[in-house]
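Assemble the whole structure, with the sequences as input and the hints as a guide.
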Amino acid sequence: MSNTKSDVLSRRSALKLGLGTAVGLTVFGLSARIVMAADGQVLKVAHPAFSQDWSPLRGGGSPYRWNSAWWASPMRFDAEGNIHPYVFASWEPNGDSTVWTFKIDPAAKFSDGSAITAADVKGSWELAAMPATTSQRVAQVLAGVVGYADVTGGSATALSGVATPDDATVVVTLGAPDPIFFMRLANHIAPITKVSQSRGADGNENAGWYMPQNGVIVSGPFKPTSIDLDAGKLVFEPNENFFVAKPKLARIEITSIEDNVTATQLIKSGEFNAHTELVTSTMVQDLGPEFGDGPQIPTSQHFWFNAARAPMDDPKVRQALIMAVDRDGLIKASYPDGPHKKTDQVINSVPGAENSGFEPFPFDPAAAKTALAESTYGGPERLPKLLFVGVSGPAIEAAAQYIAEQWRQNLGITAVDMKPQQDQYAGPDQNAVQIFRDDVGTRVPDAASYLLGSIASTSGNAQGKMGGYKNDAVDAKLAEASTKAAADPARVTLAQEVQKLFRDDWMFIPWYAQTMSRWATAEVKGIDKNLDWQVVAPWDISIG
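The UniProt record's numbering puts the first residue of the sequence shown at 1, with every later residue one more than the last.
Careful, some of the hints might be misleading.
Claimed, not checked - Distance ranges between label pairs, derived from CB positions:
(1) Pro394 with Glu354: 42 to 52 Å
(2) Ala487 with Asp328: 51 to 61 Å
(3) Asp504 with Ser392: 28 to 38 Å
Stated by the list, open to error - List of simulated lysine-lysine pairs, DSS-like, C-alpha gap at most 25 Å:
(4) Lys500 with Lys484
(5) Lys341 with Lys316
(6) Lys369 with Lys332
(7) Lys369 with Lys500
(8) Lys342 with Lys500
(9) Lys525 with Lys233
(10) Lys268 with Lys316
(11) Lys109 with Lys268
(12) Lys341 with Lys525
(13) Lys246 with Lys109
(14) Lys342 with Lys332
(15) Lys316 with Lys484
(16) Lys369 with Lys316
(17) Lys470 with Lys500
Please keep in mind that the hints were generated in silico from the structure rather than gathered at the bench. All C-beta atoms in this analysis are idealised placements derived from N, C-alpha and C, irrespective of residue type, glycine included.
Now the structure itself:
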């Protein structure tokens with residue numbers, strides 16, 4: 001197949017045009033085929049972007065959704081939030097949870113048959129922390145480790161707080177007690193690679209090391225046999241040396257289909273049987289309840305107020321804007337049949353989320369109008385234009401438009417604008433935005449961690465989306481909660497108290513709690529995902 005620039009552009013354009021064009025592309029493998037290939041079962045995935053970087057070390061982006069297919073993590077969470085051994089067979093803290101000792105499973109090996117060693121674990125973590133790696137979320141895993149700041153700051157290439165006394169033992173020293181540090185490792189943000197291949201002499205990532213043509217050695221259940229970035233096509237086949245179980249699938253094929261409508265039709269027609277992340281308001285109606293079914297994970301989507309930007313600097317305005325929105329109507333406008341569920345609070349799907357004592361914001365148009373009249377602006381005519389950003393995708397657009405219409409009907413506000421991208425409003429331009437649509441959450445089933453990453457003054461959400469939000473009482477209680485053992489009821493109680501304090505600052509419009517959809521047709525079994533957006537046990541995926 002030709003791969004000239006014009007050929008690539010024509011293939012990409014065809015996939016964006018719609019079903020009729022895409023189905024006819026026999027050169028791209030999109031003619032009707034049965035998922036039962038001659039050599040076994042095939043998972044055929046529609047991927048929403050022409051992703052050009054499939055390194056497992058980025059900690060985010062669409063390719064991250066498939067990290068568990070080809071990379072192993074220290075431990076793993078199942079769909080119910082229970083933790084299981086994986087590369088690490090055991091973990092043990094010292095008395096104050098500042099030193100953790102991990103033992104590697106003697107059976108753990110790479111696809112070339114070599115053992116996964118403590119040096120591979122340490123080197124993978126260091127590589128993920130290197131500034132040039134540009135990992136989006138490595139801090140969620142390693143920020144507490146002694147020496148982490150030196151590596152991310154560029155003054156060191158080794159984590160001084162990680163020791164490898166032998167090939168099967170990893171000892172981690174933290175800068176402060178962290179009773180749930182072991183939970184932070186149970187994800188694919190910093191997966192375990194063969195460091196002699198992935199890392200260069202300067203400590204940085206080797207270019208293209210994860211490509212099959214470079215002989216990539218993987219730690220997970222599948223290995224890539226073909227990656228064509230220009231064509232947007234990846235093929236994975238079983239890792240014959242995988243140490244947990246023999247994969248049931250013969251192959252995973254991932255094909256870039258950027259248009260949600262086209263992808264939906266191709267799945268309905270049987271052309272594909274899975275999707276990386278299909279986000280539409282009508283997903284359940286289009287593809288059935290099983291396609292969108294899945295566990296609730298500790299992630300939620302909300303509309304955050306930038307208190308540093310007028311008119312959000314006036315608490316009465318924030319109060320008015322929140323009380324003017326019927327949030328039952330909001331979820332019906334955006335996800336009328338699910339899979340996501342309306343939420344009233346920040347935390348969900350962690351201990352303490354149920355019966356938290358958080359009083360939902362009321363829908364009270366009369367009180368909202370009164371609050372706006374009592375503000376320094378006195379009414380809608382003196383308000384500056386309200387700008388939403390992060391309004392990307394049909395469901396998000398439907399939600400933002402519903403909120404704007406509620407403000408028009410109940411408060412007389414008509415000057416509202418919406419933009420899809422958040423990135424262009426970073427830095428100084430961020431102060432031009434009053435409302436950010438974004439998710440918050442945690443990769444550990446813990447309420448204190450959820451709120452530390454969402455509303456504490458040190459969180460990116462507070463510093464950026466909420467315009468430097470800071471409540472000293474919130475910070476103090478979260479600092480205290482973080483020192484409590486995972487099983488200590490005070491850890492949960494303090495987090496619940498924090499939510500109540502935050503509520504009274506009127507800083508957000510709650511939207512929905514995240515359902516971690518299967519994004520697969522009913523015939524696909526064993527594709528349940530966890531709080532890390534990863535397939536729990538990809539070796540167990542089967543068709544039929």
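Which numbered conditions among the earlier hints are violated in the structure presented, ordered from lowest to highest?
1, 2, 5, 10, 11, 15
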